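Trainee: Listed below are the residues making up each chain.
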Amino acid sequence: MTAKPVPVPTPETQPFWDGCAAGELRIQRCVDCGKPYFYPRPVCPDCGSVNVEWFTASGRAALYSYVINHRPAPGFEDEGPYAIAVVQLAEGPRMMTSLVGVPNTPEDLPLDMPLRVTFERRDDVYVPVFTPAPSGAGP
Amino acid sequence: MSRGSGVIIAGAAETDQVGRLPGYSALGLHVEAAVNAVRDAGLRMRDIDAIATVSSPGPAQVAHALGITPRWIDGTGVGGTSFLLHVRHAAAAIRAGYARTVLVTHGQSGRSRVGESPFRIPPSSPAGQFEVPYGTFGPTTTFTLTALRYMKEFGLTHSQLAYVAVAQRRWAAKNPRAAYRDPITVEDVLASRLIAYPFHLLECCLVTDGGGALVITSADRAADFPKPAVHVLGTGESAEAPTISQLADFTESQAFRLAGQDAFGEAGVAASDVNHLMIYDAFAHVPIYGLEALGFVGKGEAGAFIADGNTEPGGRLPLNTNGGGLSYTHTGMYGMFAITEAVRQVRGEAAAQVESPDISVVLGNGGSFATAGVLILGRQPR
Numbered sequence: 521m522t523a524k525p526v527p528v529p530t531p532e533t534q535p536f537w538d539g540c541a542a543g544e545l546r547i548q549r550c551v552d553c554g555k556p557y558f559y560p561r562p563v564c565p566d567c568g569s570v571n572v573e574w575f576t577a578s579g580r581a582a583l584y585s586y587v588i589n590h591r592p593a594p595g596f597e598d599e600g601p602y603a604i605a606v607v608q609l610a611e612g613p614r615m616m617t618s619l620v621g622v623p624n625t626p627e628d629l630p631l632d633m634p635l636r637v638t639f640e641r642r643d644d645v646y647v648p649v650f651t652p653a654p655s656g657a658g659p
Numbered sequence: 506m507s508r509g510s511g512v513i514i515a516g517a518a519e520t521d522q523v524g525r526l527p528g529y530s531a532l533g534l535h536v537e538a539a540v541n542a543v544r545d546a547g548l549r550m551r552d553i554d555a556i557a558t559v560s561s562p563g564p565a566q567v568a569h570a571l572g573i574t575p576r577w578i579d580g581t582g583v584g585g586t587s588f589l590l591h592v593r594h595a596a597a598a599i600r601a602g603y604a605r606t607v608l609v610t611h612g613q614s615g616r617s618r619v620g621e622s623p624f625r626i627p628p629s630s631p632a633g634q635f636e637v638p639y640g641t642f643g644p645t646t647t648f649t650l651t652a653l654r655y656m657k658e659f660g661l662t663h664s665q666l667a668y669v670a671v672a673q674r675r676w677a678a679k680n681p682r683a684a685y686r687d688p689i690t691v692e693d694v695l696a697s698r699l700i701a702y703p704f705h706l707l708e709c710c711l712v713t714d715g716g717g718a719l720v721i722t723s724a725d726r727a728a729d730f731p732k733p734a735v736h737v738l739g740t741g742e743s744a745e746a747p748t749i750s751q752l753a754d755f756t757e758s759q760a761f762r763l764a765g766q767d768a769f770g771e772a773g774v775a776a777s778d779v780n781h782l783m784i785y786d787a788f789a790h791v792p793i794y795g796l797e798a799l800g801f802v803g804k805g806e807a808g809a810f811i812a813d814g815n816t817e818p819g820g821r822l823p824l825n826t827n828g829g830g831l832s833y834t835h836t837g838m839y840g841m842f843a844i845t846e847a848v849r850q851v852r853g854e855a856a857a858q859v860e861s862p863d864i865s866v867v868l869g870n871g872g873s874f875a876t877a878g879v880l881i882l883g884r885q886p887r
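Chains as they are written, first to last, in the numbering used here: chain A, 521 to 659; chain B, 506 to 887.
Hints were generated in silico from the structure; no laboratory data involved. This structure is a prediction, so every number in the text was calculated from the model and none was measured. Glycine is no exception: its CB is placed at the ideal position from the N, C-alpha and C atoms. Misleading hints may appear alongside valid ones.
[To be verified] Among the chain B residues that face chain A by a calculated CB cut under 10 Å, a handful are:
#1 Pro627
#2 Ala652
#3 Ala678
#4 Asn680
#5 Pro681
#6 Tyr685
#7 Ala744
#8 Phe755
#9 Gln759
[What the hints assert, rightly or not] Distance condition first, Cα-Cα at most 30 Å in a straight line; then the derived DSS-like pairs of lysine-lysine:
#10 B/Lys804 x A/Lys555
#11 B/Lys732 x B/Lys657
#12 B/Lys804 x B/Lys657
#13 B/Lys679 x A/Lys555
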């Protein structure tokens, strides 16, 4: 069976993937305007500044939207119908992810449910995925 | 300065057939569509001096296959709306004197995959790093992702989403070329198999083979062609996030809205002036987003507007009158077919002809809400 897809970092995204390997969700923010953003790139999408820095996000998020896919992608054949989700980080940016530790059914996945990050190993890369968090729980 | 883009669509045609066509390559579909469109304009291939099409097989290949020596080339390839952008870019080129008679072609072996490039997302691309690892598998898993958020924010029901497919099937029933013509009910849609919850099979577009082509030239030649000229009154284009997860707001398309604003502004028309509408419908929620982005209804109102019958035969705003990507055909880059149907309607030669199609609006989408184009077409210049 095919393995799940493994992301290949670029120089601009390497710090993000290094963070994942260390168990931290490291994203960027603009030093000039303060806006956090994702996906990694060397310019602030809000003000155009190249004065940007990496920081470690809390790992807390809320479920923004999802689908439950019934036609599995290569590597996902054994999953059964699985959620492809977009979460909104507590810091504001959104990212796509998988939802683990919870049945992937509409009944178990109300929008806005609180989540926290965890990491799933793929070869030598760790991929951030999210799992339900008790409401109001800290990082 | 007069309003409008200053150009007309002088010729428009599709391949002889659309559907499952294993006897054609993608390039073969471009060629047949091009020959049909040039004939429709009453021209010969040597009258064409400019070419526009998407990056594969590409404008140089298509021009060469047809024996065209272009003095202007546009290879804009931004997904299914590309052909709307080609019309807009052609208008600018014709006004600038860079081209006189532009041929825009589409051909895609989307179903049979004859002479097509394989799908592959590089694992180092933004999508390859930040979406594909989560099991995305084409548009059914990305384009659809916005819908649950919209449903929660605005109360759109599963039945209203399903009704989009029901309404369009009523148009398809009148179109002998449509792939699916049998009437369906909301219950049929909701009973069809789940593809990516909340989307069922009948809420997803077809996957077909086919092509289409257009001949664009200056409006001062409007009387020179065998068919009534279709005036390009207004045009617009925009782009938002190329990965769906980065769309600013899952309840709306900024690119649809901005492209529409430019097109309506150029044309000098209002939504209330529009008699006919084509909105790219790869999935059932896209016409909902389009109706709201173009200002035909308020935010959150489009699901009820369609379910109340306003867009189906007999309704006040005929929408996707060929049956759309959901029931007519969808090669992968559907935008060309939205344009060709609008041209047929404005000319008065459509299979499901609407009354008084003085002004028709076409909204195209590329990727998953990534790019947009809008054309406003009319019988008369502004």
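Trainee: Let me make sure I understand: some of the numbered hints might not hold for this structure. Which ones are they, in numerical order?
Mentor: Structure breaks hints 3, 4, 5, 6, 7, 9, 11 and 13.
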